[in-house]
Structures are given as C-alpha cells and as structure tokens.
Amino acid sequence: MSNELDVKQWAERYIAQWNEPDPATRSALIRELWAPDGIQVLVDPPQEIRAAATALAFPVPPLEVRGHDALDARVSRAYEMFVEPGEHVFEAAEEAYPLMPNVLAIRWSMVSTRTGEAVGGGLDILALDGDGRVRTDHQFIGAS
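Under our numbering, the residue at position 35 of the sequence shown is numbered 35, and the numbers go up by one with no gaps.
Everything labelled a hint here was simulated from the structure, so no lab data went into it.
Remember, it's a predicted structure, so these values are computed and weren't measured experimentally.
A virtual CB, placed ideally from N, CA and C, is assigned to each residue, including glycine.
Please note that a few of the clues may not be correct.
[As the list claims (entries may be wrong)] Here are the in silico distance ranges between beta carbons for each label pair:
1. E80 x G116: 16 to 24 Å
2. P101 x A51: 37 to 45 Å
3. P23 x M100: 18 to 26 Å
4. V89 x H138: 16 to 24 Å
5. G142 x P85: 17 to 25 Å
6. V103 x A16: 37 to 45 Å
7. F140 x P23: 37 to 45 Å
[Stated by the list, open to error] Distance condition first, Cα-Cα at most 20 Å in a straight line; then the derived EDC-like pairs of lysine to aspartate or glutamate:
8. K8 x E94
9. K8 x E32
10. K8 x E84
11. K8 x E87
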C-alpha cells in the first residue's frame, strides 16, 4: 500500500462500495475489500444513541459491525438511506493517504446530487491486513 497510485485506487474502491446500486456487485466488493472478520467501528454514534446511553447511565458505546454479512448489511443500509433515493452520493473529500504501513486515512463527503455541496462527511482510519483488506475501520462522522 505504499505506492500512492495503489492507495488512490484502493480508496476509490472503498468509496464505491457505498454508492454501488447492485446488491451482488456491492457484496462482491465488500468481500474483496474487507477481511472475513473485518470490523467497522462508528466511534461517535448518532446523538439519539448517545442520549439513550446517557439516560441509562452507560458510557456512550461505539457501534460495531464485524464480518462480511454484517458489513454487507451496514453498507447496504447506508446506500438505501442516502444514495438510493437519489439525493446524495459519497465522494472522497481529499486524496487518501497512508498514516503508516498498512494504515490509511480516507476523508469523505456525502454530497447533495442537487447542489453538489457536501452535506456531511467524515474520516475513516483503516488498518489493512497483509493481503490489503480492511481489518479495522474506525469511522468518525462529522470529522473535519
């Protein structure tokens, strides 16, 4: 992953999984990009989850999905909520960059298809295994 062109191409495929309309193609892309036991952690959950946890006197929990099936459900649900209605698309906010060997940072935006303006976004810190597949993805929504 040290070759910059590889990082760029890899990041493009990572972003593409969130925009892929065909469920079979999306599943295949997830299985290509993610280790079988890969995990995505939503580090800063939505406010309603944080409020519910606080009301129960629990620390704010990170949200996690693990494995191809759970990741497929997560990516598919994000597609259904944000891309499928035709209102948004996910794009790289800047070029992905390595933080250290096998660790990448990808800044992304959710862009309005009507105005072309970013209406949301975040930062994903990805740790890759020896085969270049995601072992862990720590996603920070709203990180700028």
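Status of the hints after comparison with the structure:
Distance hint check: the CB atoms of E80 and G116 are about 22 Å apart, consistent with the given range 16 to 24 Å. A C-beta distance of roughly 39 Å is found between P101 and A51, which places it inside the suggested range of 37 to 45 Å. The hint said 18 to 26 Å for the Cβ distance between P23 and M100, and at roughly 34 Å that hint is violated. A C-beta distance of roughly 23 Å is found between V89 and H138, which places it inside the suggested range of 16 to 24 Å.
Judged by the Cβ atoms, the range 17 to 25 Å given for G142 and P85 holds: they are separated by roughly 21 Å. Range check, V103 to A16: Cβ separation about 21 Å, and the 37 to 45 Å hint is violated. Take F140 and P23: their Cβ atoms lie about 27 Å apart, and the range 37 to 45 Å is violated. The suggested pairing of K8 with E94 holds, with an alpha-carbon distance near 10 Å, which does not exceed 20 Å.
Annotation: proposed proximity of K8 to E32 holds, straight-line Cα distance about 16 Å (limit 20 Å). Between K8 and E84, the direct Cα distance comes to roughly 25 Å. Violation of the 20 Å bound is thereby established for this hinted pair. With a C-alpha separation of about 26 Å, the suggested pairing of K8 with E87 is violated against the 20 Å cut-off.
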